[in-house]
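Student: Here's the letter readout for the chains.
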Amino acid sequence: MTKATRCKIIKFTLYFCITLLLYCLQTTPFLFEISGVKPMMAFAFVLCIAVYEGTLMGGVFGFICGILCDFSSEMIFGANALICFLFCVGAALLMIYLVRKNVWTVTLTVTVAMLGRAVIEYYFKYGMWNYEGTGFVLWGRLIPVAIYSVVFVFGFYPLVGLIKRRLDVEI
Amino acid sequence: MQEFFKGWRFKVLLALLVFILAILLRAAASGGFGDILEQSVGVVTSPIMKLSTKISDGATEFFQRIVNVNKVYEENEEYRERINELNKQLIDYEAVKKENEQFRDYLELKEENTDYTFEAATVIGRDPNDRYYSFVIDAGSRNSIETGDPVITADGLIGVVYETGANYSKVMTILNPSLNVGCYDIRTGDSGILVGDLELLEEGCCKFQYIPRDSGAANGDLAVTSGGGIFPRDLVIGTILSIHAERDGVSLYAKVKPSANITNVKNVFIITSFDGQWDVTDDENLAIDKMYLEHQNKKKEQAELQEQENSETEE
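Line by line, the protein sequences are chains E and R. Residues 1 to 171, numbered by this note's numbering, are exactly what the first sequence covers, in order. Residues 172 to 486, numbered by this note's numbering, are exactly what the second sequence covers, in order.
Everything labelled a hint here was simulated from the structure, so no lab data went into it. Heads up, a few of these hints could be off.
[What the hints assert, rightly or not] List time: in silico SDA-like cross-link candidates among lysine to any residue, alpha-carbon distance up to 20 angstroms:
hint	chain 1	residue 1	chain 2	residue 2
1	R	K177	E	L94
2	R	K182	E	K125
3	R	K225	E	P29
4	R	K221	E	S73
5	R	K221	E	L31
6	R	K225	E	L20
7	R	K225	E	L21
8	R	K221	E	L94
9	R	K177	E	L98
10	E	K8	R	V183
11	E	K125	R	L192
12	R	K177	R	L187
13	R	K225	E	S72
[As the list claims (entries may be wrong)] Interface residues of chain E toward chain R, partial, derived using beta-carbon atoms under 8 angstroms:
hint	residue
14	T55
15	F63
16	I67
17	V89
All values reported here derive from a predicted model rather than from experimental measurement. Glycine included, each C-beta is placed from N, C-alpha and C at the ideal position.
Same shape as in the complex, but just chain R (with noise of 0.2 angstroms):
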C-alpha cells in the first residue's frame, strides 16, 4: 500500500483530484454551471443522447404498437358497440321525429275538425302487385277502428277502411274504382261522384264524374266530399286538373289531382266519429244517389239495346 503512496500514478490521481476540486469551487463559486469543461461534455455529449432519444423513442414506439394490440382491439370492440348503439339511438330519433311530425298534423286536424275523433296509424304493409295501391295500417278493431271509417292525412282524403282485424286494418284508396266518394267542387258547389278510373290511374289521379253540363267547374278548383254517409263533409280530396263530357253526353266529368300522397303514404289518421256520420237523409246525397241511379239505368237500357240490335243483326 505504502508503495502506492510513493508512486508516480498516486501523484496523477493526486493532482486528478486537485483538478476536480478546482472544478467544483468554480463551479460553486459561478453559480455550478458556466465552467468551460462543462461546456465541452455538452457539445460532445448532445448529439449523442438526441441520436439515442430518437432510436429509443422508435423502438419504444415499435414495441408498444405490439405490445398495445389488444388494447387497440378492446378499443376497437367498445368503439363498434358505441356505434350501434348509437345507430339504435338514430333510429329512435328518426321514429320519435316521424311520430312528432304525425302528432303535430293530428293536432291540426283536432283543432279544425272538433268533431272527429282521429286514431292515429302507420303503414305497415303495401301488396305490391295491387293497382291502386291499398295498404295495411297497425290499428284495427282493438282501436275502435270500424269498416267504413275514412282514412286521411293532413293533407286530404286517402281511402276507407275495408276490413278490420284486433290490431290491423286494411284500406282501399280513392283511386280504387270500387269506392264512390259523394263530392263538390267547393268554388261552384256542383257536386258529383268521384271513383277510380283505370285510365287516369296511371296519372295518380281520379274521376269527379256526373257534374251538370252547364256548370262552371274549371281547371284548379278544389274538390271536397260533400258529407253524409260514411265521410264527413269539407274534406278536401283534391284538384280539378281538366273538365271533359261523358261520352254519353248527357253529363261531364273531371280529372282530379288527389291532395294527399296516396302512393308514398307512411303514416294516416282514421277518423272513428263524426257528427253526421251514416246520417244518408242528406238532400245533396240523395240527390247524388237518385242521379247515379238514373245513370246506371239508362246504362243499362242502353246495353239492353246493344244486345237487342245485335241479336237481330245476327238473325
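If we strip away everything but chain E, and leave its shape as in the complex, we get (with noise of 0.2 angstroms):
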C-alpha cells in the first residue's frame, strides 16, 4: 500500500468518524439546542467536503449522511439518503464547473442546499397532503434549522480544508 492510499484511507476515515460524531452530536437531546431548533451539522458537513473532494465522494458522504438521518427520522427510509446524495453531488458540480471556491460561496451553496432540503422536507411531509396551520412547520421549524445549520459551515469548511491539505499527497 502507498502512501497515498493510506492517506486517502485515513482521510476518508477521518471524515466518515466526523460525520457519525457529528451525527450523535445533532441527535442528542438538548445539545445545541436554541428555543427548540437543533443544526443538521451531519448534512453541513458533508456539504464541505462535497466541494472539496468532488461529485463521487461527495456522493457517497452524502449517501452515508443520508442514511444516518434517515436512522433518526420520521421519513421513509432513504428519502434523506437520496436527498443529502442529489445536493452534494450537485454542490460538488457546481464547485468544478460554475463556482469559484471560497467560503462565501462555499456558505451561499450550503445555504440554498439547506433550504431545499427544507422546502422538499415539508413539501413530502406537509404541504402535499393539505394539512391546514402547516406553513408555520416551515418558517417556524424547517427554515430556522437550515439557517442554524449554515452557521457551522464557517468551522466546518477550515476543518475539511485542513485535513484535505494534510493527507493529500501528491504523487
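From the two separate chains plus the hints, produce the assembled complex.
Tutor: Set out below in C-alpha cells:
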C-alpha cells in the first residue's frame, strides 16, 4: 500500500468518523438546542466534503449522511439518503464547473442546499397532504434549522480544507 | 461537464443513485422499515448515540447547576421566609391553644360557681429571689381587679392579689406566711387557718393550723376555704398529707399539699366578685378569729413570761 493510498484511507476514515460524531451530537437531546431548534451539522459537514472532494466522494458521504439521518427521521427510509446524495453531488458539480470555491460561495451553496432540503421535506411531509396550518412548520422549524446549520459551515469549511491539505499527498 | 457524464465517476454515482432508489422503493413497499441497511446503521450508531447522550446529560447537568445557582439561592430564601412564617404561625397556634385551655377551665369554673365574676390573666413575671413564689399577672385595675381578690386555677386556690396597677397585679401565694386563709376539713368540718410555713415550704406544702385536739381529720382529707372575708366558700386548697400536734399542745396542725401547681402556674383566674365578699359576720370565721386571737395572746403571754424568767436569772 502506497503512502498516498494510506493517506486517502485515513482521510476518508476521519471524514466518516467526524460525520458519525456530528450525527450523534445533533441527535443528542438538548445539545446545541436554541428555542427548540437543533442544527443539521452532519449534512453541513458532508456538503463541505463534497465541495472539496468532488462528485464521487461527495455523493458517497452524502449517501452516508442521508442514511444516518434516515435512521432518526420520520421520513421513509432512504429519502434523506436520496436528498443528501443529490445535493452533495450538485454542490460538487457547482464548485467544479460553475462557481469559484471560497468560504462565501460555499456558505451560499450550503444555504441553498439546506433550504432546498427543508422545502422538499416540508412538501413531502406536510405540503402535499393539504394539512391546515402547516406553514408554521416551514417558517417556525425547518427554515430556522437550515439557517442554524449554515452557521457551522464557518467551522467545517476550514476543517475539511485542513484535513485535505494535510492528508492529500501528491503522487 | 460532458466529461463528467462520460466518466466512470458518473457511472458509479448512477449506480449509487439506483441503489438508493432501490432502498427507497423497498422501504416504501415494506412499510418503511425492516431493511438490513437500517438495522446495520442502528447497530453502529445506537451505542455512540447512547454515549453521546450520557455525556451531554452530564455536561448539561453540570452547567445547569452553575447557571441555576441564583435560582437555587432565591428558592432557598423563599423557603427560609416560609419557614419563618410557619414558625410564627406555630407560635400563634400555641398561644391560641393555651388560651383555649384557659377558657375551657374558665367555663368549667363558671358553670360550677355561677355567682363568681372572673377575670382571666397570664403570669408575666416571677421574682427569682422570692421563696414564696409570688408573681405578676397581666391584668390590673383596668380589668376591675382590686387588692384582696382571690387568685385561683381550675385545680384550686393559688393566692391573693396584694398590689394592683393599671395593667398588672401582684399575687401573693398561699405558701407565703403573711397570708392567712380561713379553711376547713371537708370531711370532718373542723376549721382552722391555712398559713405558709418556712419548714413546709421546701416540700411545697403549707400549714393548716388550729385544728382542735379532738378532731378526726386524717391524711387524704380535702381542705377547702371556709368562706367569708376575702375568699369564697368551698374553694379547693389542697389535700392533707399528715397531722401533727402543735408545740404548745393546745391544738393540732396538718401539712397540706396545695391542689394547684403554684410553683409553675402560667394562667390564672381572679375572682373579682362573689356572693358574700368581705362578709366577716360569718360565725365560723368569727370563731376562727377568736381562736386565732386567743392563740396570739397566749403566745404573747408565754413570751413575756420567758422574758421575765430571763431577766430574773440575769439578776
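Student: Against each hint, give a clear statement of whether it holds in the structure.
Tutor: How the hints compare with the structure:
1. Distance restraint check for K177/R and L94/E: the Cα-Cα separation of roughly 17 angstroms lies within the 20 angstroms cut-off, and the hinted pair is therefore satisfied.
2. Note on K182/R and K125/E: the hinted pairing is violated, with a Cα-Cα distance of about 31 angstroms set against a maximum of 20 angstroms.
3. As the CA atoms of K225/R and P29/E are separated by approximately 10 angstroms, the hinted pair is consistent with the 20 angstroms bound.
4. Between K221/R and S73/E the CA atoms are separated by roughly 17 angstroms; this keeps the pair inside 20 angstroms, and the hint holds.
5. Using a Cα cut-off of 20 angstroms, the hinted pair K221/R and L31/E holds, with the two alpha carbons roughly 13 angstroms apart.
6. Simply put, K225/R and L20/E have alpha-carbon atoms about 16 angstroms apart, close enough for the 20 angstroms limit, and the pair holds.
7. Only pairs whose Cα atoms come within 20 angstroms are accepted, and K225/R paired with L21/E is accepted, the gap being roughly 14 angstroms.
8. The straight-line distance between the Cα atoms of K221/R and L94/E is roughly 37 angstroms, outside the 20 angstroms bound, and the hint therefore fails.
9. Among the hinted pairs, K177/R with L98/E is consistent with the structure: their alpha-carbon atoms are about 18 angstroms apart, no more than 20 angstroms.
10. For the suggested pair K8/E and V183/R, the alpha carbons sit about 18 angstroms apart, so the restraint of at most 20 angstroms is met.
11. A distance of roughly 18 angstroms separates the Cα atoms of K125/E and L192/R; the hinted pair therefore holds under the 20 angstroms criterion.
12. Simply put, K177/R and L187/R have alpha-carbon atoms about 16 angstroms apart, close enough for the 20 angstroms limit, and the pair holds.
13. At most 20 angstroms may separate the alpha-carbon atoms for a hinted pair to count; K225/R and S72/E meet this at roughly 18 angstroms.
14. For T55/E, the shortest C-beta to C-beta distance to chain R is roughly 6 angstroms, which falls under 8 angstroms, so the interface hint holds.
15. Checking F63/E against chain R: minimum C-beta separation of about 6 angstroms stays under 8 angstroms; hint holds.
16. Restraint check, I67/E versus chain R: the minimum CB separation of about 6 angstroms is within 8 angstroms; hint holds.
17. Against a cut-off of 8 angstroms between C-beta atoms, the interface hint on V89/E holds, since the closest Cβ of chain R lies about 6 angstroms away.
Consistency note: the structure conflicts with the earlier hints numbered 2, 8.
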